[in-house]
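Participant: What follows is each chain in one-letter form.
4 protein chains.
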Amino acid sequence: MKMGMINLMNDYNTTAHPRVLEAIKAADGKRFTGYGTDEATAATAEAIRSLTGCPDAGVHFMIGGTHTNLTAISAFLRPHEAVVSPLSAHINVHETGAIEAAGHKILTVPAEAGKAKAVDVALACEAHTDEHMVKPKMLLISQTTELGTVYTREELKALREVCDEYGLYLYVDGARLGCALMSEACDLSMEELAGYTDAFYIGGTKNGLLFGEALVIVNPALCSDFRFLVKQRGGLLAKGFLLGIQFGAIFENGLYFELAGHANDMAAKLTAGLIGAKIPLLAKTESNQVFLCVSRETLDRLAEKILFERWAREGEAGTPIRFVTSWQTTDEEVASVLGLF
Amino acid sequence: MKMGMINLMNDYNTTAHPRVLEAIKAADGKRFTGYGTDEATAATAEAIRSLTGCPDAGVHFMIGGTHTNLTAISAFLRPHEAVVSPLSAHINVHETGAIEAAGHKILTVPAEAGKAKAVDVALACEAHTDEHMVKPKMLLISQTTELGTVYTREELKALREVCDEYGLYLYVDGARLGCALMSEACDLSMEELAGYTDAFYIGGTKNGLLFGEALVIVNPALCSDFRFLVKQRGGLLAKGFLLGIQFGAIFENGLYFELAGHANDMAAKLTAGLIGAKIPLLAKTESNQVFLCVSRETLDRLAEKILFERWAREGEAGTPIRFVTSWQTTDEEVASVLGLF
Amino acid sequence: MKMGMINLMNDYNTTAHPRVLEAIKAADGKRFTGYGTDEATAATAEAIRSLTGCPDAGVHFMIGGTHTNLTAISAFLRPHEAVVSPLSAHINVHETGAIEAAGHKILTVPAEAGKAKAVDVALACEAHTDEHMVKPKMLLISQTTELGTVYTREELKALREVCDEYGLYLYVDGARLGCALMSEACDLSMEELAGYTDAFYIGGTKNGLLFGEALVIVNPALCSDFRFLVKQRGGLLAKGFLLGIQFGAIFENGLYFELAGHANDMAAKLTAGLIGAKIPLLAKTESNQVFLCVSRETLDRLAEKILFERWAREGEAGTPIRFVTSWQTTDEEVASVLGLF
Amino acid sequence: MKMGMINLMNDYNTTAHPRVLEAIKAADGKRFTGYGTDEATAATAEAIRSLTGCPDAGVHFMIGGTHTNLTAISAFLRPHEAVVSPLSAHINVHETGAIEAAGHKILTVPAEAGKAKAVDVALACEAHTDEHMVKPKMLLISQTTELGTVYTREELKALREVCDEYGLYLYVDGARLGCALMSEACDLSMEELAGYTDAFYIGGTKNGLLFGEALVIVNPALCSDFRFLVKQRGGLLAKGFLLGIQFGAIFENGLYFELAGHANDMAAKLTAGLIGAKIPLLAKTESNQVFLCVSRETLDRLAEKILFERWAREGEAGTPIRFVTSWQTTDEEVASVLGLF
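Protein chains in written order, with numbering that gives the first Met the number 0: chain A, 0 to 340; chain B, 0 to 340; chain C, 0 to 340; chain D, 0 to 340.
If you are wondering where the hints come from, they were derived from the structure by calculation, not from laboratory data. Hints may contain errors.
One copy or two, either will do: identical chains are not told apart, so a pair holds if it fits within one copy or between any two.
[What the hints assert, rightly or not] In silico DSS-like cross-links for lysine-lysine, where the CA-CA straight-line distance does not exceed 27 Å: (1) K277 <-> K29; (2) K24 <-> K116; (3) K304 <-> K283; (4) K156 <-> K283; (5) K156 <-> K116.
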């Protein structure tokens, strides 16, 4: 990457938050048992049980989002059981067929602002009636969604109800769960969210860690033998304690939420400025992602100063692009970016 | 783990070598493109191509050994093609069926001191004659083996020849490749080893990194689309640059080999002392693992001062145990351990 | 099933055509080598090579359509490679996730009258750009389609061209290939169709056999080791000669095409009558399936005399139903059916 | 095959028993609902429930042995669960990795006369202690074994007990179950055998049918959604009624057992003659397979008159060969064969 650019490319392009790095440094000279069986990891798992209000949950520290999703689905579903997800879901588009490689079909429902609606989930279930078709058994949604939007309590409750009606597990891909819970648009607490799900993961990679996601298995029926699956899929890190340490640091004194809140604030400021400049947005900004559409001229101008992603090909209204803020984005950077419009 | 114990449990129970941690720290404030597409990773890959004498090799930084093995095998073999490996191979015993979960049968050959012999590989191939049986297509060996022994040039050459005769790829699991190459018993250079293989990986987790293995695909026919497979199996780390940075640091000024050599030296000293004390060894010590057999009384005495692994159940000759040395093991520790016998 | 009903339920509800049964009977007392290695099977395979104008094709006799599709896809594709098919394709809807269970994602394109269009295939390929997404590698279409329509030469040529442009194999699910080739709407010969494909299968189950499909692998690059895959997926019938005998009988003197042509004729007569009676059709009748929409009253009346399938739930225009004709359907039955409208 | 040869090659080289063919012929003109949902199939399933003394069993008619095994294992086991079987088991040697392709590891135990012993099963279970290894969950044995031997009640009871102790399902591959139950060496009734198992299949292909195996799922916990798996693996025959009809015919008036008993009798006569001629046998003849060892001279002489299989390469004691008798083998043929020694 060029030096001196403002970085709105994504939220995973630097090492880690200083307090995470310090926690690793503080472990210098300590010795840990392998594969996440150490005491630091156990303590962090217990902290997460407390934080999520799930004293009996299975908590597993995983190496990344795709790996978490494919391992959980392998563990939870039988071969003929399918996952329902919005068309735009990461598992459906950006995981190179990881779920299918694990043997499971993904049934898609329309994504409205990135979100699945209960009525469409019901329709998908109703359409699968016999043994000539897969059996829908899990609803997978992302919080925040791939468009940076968030499910409200009412929306999540409706999805929980349709899952109960049709016998589906509700699984939340929380790669950006911090930003979701800190969103102005979200009226859910961590505990409430947990209560609506069978399992979900708390993303670390995109909110300050070197790497790692914390999977919380709320439904006790899904807990058994999970570590076998993690090992079988190649995700049981020899130095598993690295994950326990990092998550321990990021949840200390609410740092996780502080970082996510800051990222959201920066995105909100960016959005306010863009709206003021009458730049068309492609989705409502509800977390740390801002989707906008720019002319070719603007695109070229931005590209000289800012790192960002082109979200799709140029259309009639211009080129869709994405700005992602993070715990590292500063007020000055936001001001500089807005100065380019 | 209890404080103050001498740690011979394994070679992956502390964070990382200081120079690795410093390299990560030095990246503070830098921004990297995602998924290992960054320049630091590219430079390290190039260094590994140079180090291995394979200027056209595919080099991929992977998250762990089991994941490397299952991804490579998924990429290299068709569904009916099988892996031949020694009975004691890690993939056969300690990967929770990861290879089978990827769809491939493992055919075992006897392991003599942990090593496969060409004649047994030939027999296994000869026994598979038609479409009612799987088709052997890859020989997988570990260097060092699961018993800490090493293949010599002559042994590896013989295996390469039998692979050529029967159309097998030769793949080397190098979780402890540093210790193998630094072994007194090994007359192979990195370049020579590479030249005999179709692919192999250079283990980082057990020789000073936080985590990570470097897969080197020597055979150009096996290179295509490999990153698709890494992503599909959930191993394409968002912050892939962390692997490029770590391997960059460990290969700088030969640190990788220095650490491995030290571990071997410590094991050699331990071994010399044990032999002097007439303690029966279960295998020749050729790298950083020492296998011995102890009485119940000795076992109890050792367990108060040393962390180590019980390798098998108590037999007539006593209980088999394993000592693993690492770059952190000191002369003082070795002396203390020997003082207990 | 109730006696005396007119059977328009499907084309696989009786044993087999008399000449097929006679051929099996004629084999009484003969002894055959196992697993399709017999001379009768070899002769039939050779006849199919001749019939399709593919002297070097791999010809394999398979036990059923779903099994053929999943085995072929397992054999032809690497794990990250995906199948493109129309949304309504049998593999996507009615095979209980068989393709995903074999590890491959299905990418759907819109189905217009059951058919994929080249432009949509191109769009699907263009949308898959890197290793975060699956790699489209095969286009699978059905001839006839799931709506009984057929691809013309021009349409198939256009699909072949888009496949060539994007490096896709073209595979034709020919469960009802006889009816397709005998369709008035189809200007393709068997040889021409074969020439456009990499592989296709000629359906036997739905056109007079007890069971069986003949897979023709036109592309020599896809032929290797195919029998290993058939065996691995459980489809290498011990008495494989039963398939060679049946296909031998059905292709003798053009019986296969005669039966398909008759089924088409009966559907055409039905259709003409329904149009005359101003019954709305849901698709153009181009082969042996007729899709119509009936009022609740008509539905009840038909259900007393005819066996047929309700294709979807009742909508505003009535209930969609399907009539399937076969080699057994008679003029009298058609007249009786039309008398009910 | 050459005409006029005596056929001891295998028990699946002719079409079917006349009464089976007649039953199919008798269905001429009848119409059946698809996929085994017809009344003939239901009646046969009920007859099998009665015959096996399992009034609540799931009964499924399958297309072949390998397909039955892979489908059952897919349905019964989670991904990390493994099958224990004797080293010589068909699933381990002669199914082209079908079980591994379905994702499951096979753990082998020594085969003594083709049979697993409880003590070895216990050892295999004891050796698998944690999540780094697969979890043994099913014992699969063949009755008769691959060497034609049979498990006695005592042996089966001991295996059931070890299964109960270690939480394994007990599954019996009954490709030649008729010959097992009719064996002089077997003191088990069909009901007793069923009572010891969680599931087993009754082989039809090798005892008079065109094709087909009847899977009986005794354990109610394993019954759910099984038809989904059959369809997903490509084994739900459109004309499933063909299997119901054939099994209906073969179980009528005990024909199944009569045919198997005859095959056993012929093998017993052959064996008596061979023993009289001092020909070394490789295994005790307990059913319809006779394993013997012959000199090169004898081999050549036999090969002129008899079709048989060479079981292994020539060794010091000669060439191991196999004679298989069937319901079609005659006293005259046995006499002729013995005349050649």
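Participant: Pop the pair K304 and K283 into one bin, within, between, both or neither, using alpha-carbon distances up to 27 Å.
Facilitator: within (24 Å within a copy, 57 Å between copies)
Participant: Under a CA distance limit of 27 Å, which applies to K24 and K116: within one copy, between copies, both, or neither?
Facilitator: Neither: 45 Å inside a copy, 45 Å across copies.
Participant: Measure nothing new, just compare the shortest in-copy and cross-copy C-alpha distances for K156 and K283 to 27 Å and report within, between, both or neither.
Facilitator: Close inside one copy (22 Å), not across copies (44 Å); limit 27 Å.
Participant: When no copy is named, should K156 and K116 be tagged within, between, both, or neither for a Cα gap of at most 27 Å?
Facilitator: within (11 Å within a copy, 40 Å between copies)
Participant: Cα distance capped at 27 Å. Does K277 pair with K29 within a copy, between copies, both, or neither?
Facilitator: neither (55 Å within a copy, 33 Å between copies)
Hint violations for this structure: numbers 1 and 2, all remaining hints satisfied.
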